[in-house]
Amino acid sequence: MAAVQVERLRRVFTVPERDPGLGAAIRSLVRRRFRQVPAVDGISFEIAAGEVVGFLGPNGAGKTTTLKLLSGLLHPTGGTLTVLGHAPHRREPAYLRRIALVMGNRNQLQWDIPAADSFELNRAIYRLPGPEFRRTREELVELLDLAELIRKPVRNLSLGERMRVELAASLLHRPEVLFLDEPTLGLDLSMQRRLREFVAAYNRRYGATVLLTSHYMADVEALCERVIIIHHGRIRFDGRLAALAARFSPHKEIRVALGDPSIDLSRYGEVTGRDGDQVSLRVPKERTPEVTARLLAEHTVLDLTVEDPPIEDVIEQAFTDPVPG
Amino acid sequence: MIRGLGALYAKNISMNVRAQLQYRYDSLVRTLAFLVEPVVYLTVWTTIADQRGGEVGGLATGTIAAYFIVWMAVRVMNVVFTPYGFEWRIQRGDFNAYLLRPAHPIHYDLSFFAGYNLLQLLTWLPVAAVLVLAFRPTLDLRPLEVAVFVVALWGAYLVRSMFLWALGMVNFWTTRASALFELYVVCELLFSGRLVPMDLMPQALQSVAGWLPFYWTFGFPIDTLVVGRSNPELATGLAMQVLWTAVGAGLVALVWRRAVRRYTAVGN
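If you read the protein sequences in the order shown, they are chains A and B. Quick note on numbering: numbering that gives the first Met the number 0 labels position 26 of the first sequence as 25, and the sequence is numbered without any gaps. Quick note on numbering: numbering that gives the first Met the number 0 labels position 63 of the second sequence as 62, and the sequence is numbered without any gaps.
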């Protein structure tokens with residue numbers, strides 16, 4: 000049975016709007032204008048237990064709204080969704096004990112006291128037995144390297160340190176489903192890598208299902224075999240990350256280093272860059288074998304690689320592609 | 000379930016006592032700021048009483064002094080989560096964290112302010128001692144009255160918490176409900192005994208106050224100690240607090256079901 004099942008899910012927000020200026024403000028006193036904004040517009044997908052899925056899309060695409068629907072913060076306008084057999088919007092305690100939603104700038108820790116005290120409060124909230132709580136806490140402290148941090152008042156922690164502690168606080172009850180919304184937002188590169196490693200380790204250790212949104216492709220590439228791309232509230236792609244380039248990129252990148260670097264290669268394809276002796280060529284996917292063969296036949300080739308374009312470019316293409324996936 | 004909630008309350012109360020201990024001077028200044036309102040009332044009414052031959056509206060100068068010194072303890076216990084907090088919490092998206100926890104958010108607020116008020120109550124004791132020396136209150140205490148007063152303090156806390164929580168939920172519809180809180184405070188000043196003892200209010204106002212929750216959050220606990228109520232009156236007062244707590248809790252439950260459906264989870 001799938002851990003997450005979503006069927007034609009919709010969420011429409013009613014948004015007030017008015018023109019700028021004093022006149023419009025006065026007019027709005029007597030006549031209010033509202034607009035219906037479909038943030039999530041009939042999406043369907045399933046996620047198997049233990050799967051790690053990347054949920055991608057530009058700002059305002061509907062990613063966070065979907066996570067809020069799945070975690071029970073929002074009521075759906077239409078469609079159905081179940082997570083671990085529960086209807087999230089009912090917010091049953093039995094459901095909330097099995098999930099966690101971690102947002103990049105969420106603050107569930109008491110500001111003035113050490114995080115260890117907030118951990119104790121979470122123990123009471125989730126009714127965790129003492130030995131289980133202590134074991135999980137020790138594991139999280141070790142995995143996230145928190146030993147020094149949890150004894151300091153939260154206000155004295157840096158953003159990266161606070162994020163790690165927040166994450167640990169969200170996982171003390173060992174959620175079976177983890178919704179991560181931009182978990183590495185604002186962190187430096189080393190901290191991002193550390194958090195990614197942690198999420199992967201948590202998934203392996205507990206078999207947790209993870210749905211992750213991130214603008215950092217490194218997060219997605221490191222953690223997710225499958226991605227769902229959403230744009231304007233609709234799913235444009237749902238499949239393996241590896242298949243994304245095949246679907247949305249009509250080009251391949253050929254990087255070639257020739258014995259004579261002065262040769263003009265523009266007749267083989269679009270020259271997109273030069274790095275020393277190495278030239279990058281963008282060629283239509285169907286012409287790649289032919290162009291590669293011609294380069295090898297017609298020049299002294301020192302090195303040649305054929306790659307998909309960077310994942311960022313492919314995803315951008317997926318956002319702008321007029322044909323829904 | 001009760002046991003689980005008990006653990007949550009115990010932990011959150013203790014956490015907030017610890018949090019306040021981090022800010023000793025803030026707690027002290029807050030208590031001193033709280034002093035201003037009752038000291039003004041105390042000064043004005045004892046002066047009036049002195050000018051009228053030692054009493055006003057049947058209350059002697061010493062009784063008025065006692066009223067406003069006890070008033071302070073009740074005021075300290077009357078600090079609850081207000082619609083201002085609700086407005087702030089919703090606008091910043093802080094409510095998300097509360098909704099994701101497997102217990103009704105009101106429990107965090109009830110336990111949070113219980114811990115907060117407990118410590119504030121301790122800081123009231125030395126202040127009250129100074130005021131006793133300065134204003135010479137008249138108090139004729141019975142152990143039963145003291146016991147009922149302690150229970151009534153918590154009853155007042157619960158009644159005020161429930162009604163202000165229910166009022167705060169209006170923020171789910173308007174996002175700016177703090178004006179309603181101002182209205183609530185005006186009603187409270189008139190009908191609760193916060194501004195003046197209810198015995199000094201016109202009879203009509205006293206009759207209306209009997210049908211509203213405000214008196215049970217302020218005047219009743221004070222009158223328990225200061226005015227000297229009969230045992231049946233004390234029992235009736237506590238019963239009224241239970242009744243208004245139940246009414247408030249019912250209101251919270253009713254509005255909550257509709258409110259969360261409208262929640263838009265803005266912010267983080």
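These are calculated hints, taken from the structure and not from any lab test. All C-beta atoms in this analysis are idealised placements derived from N, C-alpha and C, irrespective of residue type, glycine included. Be aware that a few hints might be false.
Sample of chain B residues lacking proximity to chain A, with all beta carbon distances greater than 10 Å (derived) [stated by the list, open to error]: (1) Met-14; (2) Leu-98; (3) Thr-122; (4) Val-184; (5) Leu-237.
These stretches of chain A come out as covered by chain B in the derived footprint (C-beta under 8 Å, 3 or more residues) [said to hold, decoys possible]: (6) 23-30; (7) 69-83; (8) 120-134.
Here is what the structure says about each hint:
Residue-level check failed: Met-14 (chain B) sits 6 Å from the nearest beta carbon of chain A, not beyond 10 Å. Some Cβ of chain A comes within 10 Å of the Cβ of Leu-98 (chain B); the nearest lies about 6 Å off, and the non-interface call is violated. Annotated as non-interface, Thr-122 (chain B) keeps its C-beta farther than 10 Å from every C-beta of chain A; the closest such distance is 17 Å. Residue placement check: Val-184 (chain B) keeps its beta carbon more than 10 Å from all beta carbons of chain A (closest about 26 Å).
Every Cβ of chain A is farther than 10 Å from the Cβ of Leu-237 (chain B); the closest lies at roughly 29 Å, confirming the non-interface assignment. With a cut-off of 8 Å between beta carbons, the region 23-30 of chain A has 0 residues touching chain B; three or more are needed, and the interface restraint is violated. Coverage of the region 69-83 of chain A by chain B holds in this model, with 5 residues showing a Cβ closer than 8 Å to a Cβ of that chain against a need of three. With 6 residues carrying a beta carbon less than 8 Å from a beta carbon of chain B, the region 120-134 of chain A meets the three-residue requirement, and the given coverage holds.
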